[in-house]
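Here the structure of chain A is known, so what remains is to put chain B in place on it, guided by the hints.
Protein chains: 2
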Amino acid sequence: MFARSLNDAAGQIGICLQQLMAPLGDLPVVQAMRYATSGGKRLRGFLVLETARLHGVDAARALYPAAAVEMLHAYSLVHDDLPCMDDDDLRRGQPTVHVKWDQATAVLAGDALQTLAFETLTRTEVSGDPLVRLELVATLARASGAQGMVLGQALDIAAETAPHPLTLPEITHLQDGKTGALIRWSAEAGAMMAGADVKPMRDYATALGLAFQIADDILDVEGDAAKAGKRLGKDAEAGKATFVSLLGLDGAKARAAELVDQAQAALAPFGAKADTLRQAARFVIARDK
Amino acid sequence: MFARSLNDAAGQIGICLQQLMAPLGDLPVVQAMRYATSGGKRLRGFLVLETARLHGVDAARALYPAAAVEMLHAYSLVHDDLPCMDDDDLRRGQPTVHVKWDQATAVLAGDALQTLAFETLTRTEVSGDPLVRLELVATLARASGAQGMVLGQALDIAAETAPHPLTLPEITHLQDGKTGALIRWSAEAGAMMAGADVKPMRDYATALGLAFQIADDILDVEGDAAKAGKRLGKDAEAGKATFVSLLGLDGAKARAAELVDQAQAALAPFGAKADTLRQAARFVIARDK
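Chains as they are written, first to last, in the working numbering: chain A, 21 to 309; chain B, 21 to 309.
One chain only, chain A, in its complex shape (with noise of 0.2 Å):
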């Protein structure tokens, strides 16, 4: 049921991307752009979708953002995965973007991701009042750069040579800009766009956020690397500091099994409306890839 909704969702935003890359060509370079947002759960723009749905905007609107915060996440994947940062060959079971075509086409397939991201959002089909447009680029901005997902990306490169490994509050700080960011601006972004309140979303996705970060730690430990579509257990390997380090096997499942509590009671305003939203929470720590 859920899968379903999430897998509708992954389809229209899938057709907008095509839609908003269809005038930029065929170099390689956008080959890499339209490869490297290609699958994937678009965990992110499901958020847009149901938490604008759940605010009364109109779909059409929503999907715009949606595939801005995928094109967001594309590109931090892309960088992330050039030989680097993390040199990883395999992403969602295919080669990774430098594995396919080099190294200088992931940088640029990467950059101009995010460019699109923000122009996209610019776009008059997005809101009519271009408040709305501007925060929603404001606010994308902050959640990605350096003092948001940049930072998350950042104090990671720096815990690989720290003196000693990250204690919780350190991982949890890191982990809120890495992933946590991103997570949250999809789940805002339905607020934005209806001049509502955003502190219940933001609520919602902190949780989320959080949860879906321990359930990826567990996974890189218990998970199945073929349905993963990526290399597992590196970070035991590197002997990273990660929720399940810190707090044991059970601890982890325990601490994200109340994070889907709390980001549940976070929708409590919403009744029976949100049931999508609670299925997704309930979908982050159950997930095999």
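A hint or two may mislead.
It does not matter which identical chain is meant; a pair holds if it fits inside one copy or across any two.
Said to hold, decoys possible - 25 Å max Cα-Cα, derived DMTMM-like pairs, lysine to aspartate or glutamate:
#1 K61 / D107
#2 K260 / D122
#3 K260 / D46
#4 K120 / D107
Bear in mind the hints are in silico, worked out from the structure with no lab data behind them.
Chain B alone, transformed into the frame defined by chain A:
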């Protein structure tokens, strides 16, 4: 006289850049962002300030788009200097970012500079009219993305493995993206902020941008690496087609001078108020760095 105008503008933009990056803390990635935006002629930022002045736009407002385009330009240089791209170890007489820090920091610093450029354009200080801010974001995205600057860079990479050297129309198209688009945006920004017709500034900057690139190719052959602050002679070494290889040294100089005349002609409607922009046009072909 013109050198002083350019220098004054560079100083003011430097202060604005410092203020914009002050809240970002002091991680290596943020140090690298500051480093990458320090020094340089800041010609693009100067064009924003000068075209804003020409259109009666408050200088305090124009500083933000000027800083934004310098951040965008700096991100492109940091990524372009990477070993997988142009592999340059010297820029503006200093070690490039990946040499001073490492490649991962260079990728992330470039990424975050792009993000901050767009965020900066959304600030209310830029304009009281949200549509002006949105137009600046959308046009900078188009100028720098896969149909602008990144397109030019991608064509440049493709040229390296092309079966024959590029022709004059191909080089002109490549450079129009790689350096022309951002220079054009810089000159148009002042007109956009005033809600004025951008056509004269577009004509001025299109000629100026091409003259700038031809001058770069001439510098690559005739220049002094110590003054230029970067390695020269690379294009000839790599057997790449340039304006000099296609037109000859004298032909390239004649073409650049012709373009400067064209740029000047586009300024005719503005009379003596545009004298600094006229000087800028002469400067781009007379510079030694």
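For each hint, the structure was consulted:
Taking identical chains as interchangeable, the C-alpha atoms of K61 and D107 lie at most 25 Å apart only when both belong to the same chain, with a minimum of 22 Å there against 36 Å between chains. Proximity of K260 and D122 under a CA criterion of 25 Å is satisfied inter-copy only: 20 Å between copies versus 28 Å inside one chain copy. With identical chains, the CA atoms of K260 and D46 are at most 25 Å apart between copies only, with a shortest distance of 23 Å across copies and 40 Å within one. For the homomeric pair K120 and D107, the shortest alpha-carbon distances inside one copy (14 Å) and between copies (21 Å) are both at most 25 Å.
When held up to the earlier numbered hints, the structure conflicts with none and fits them all.
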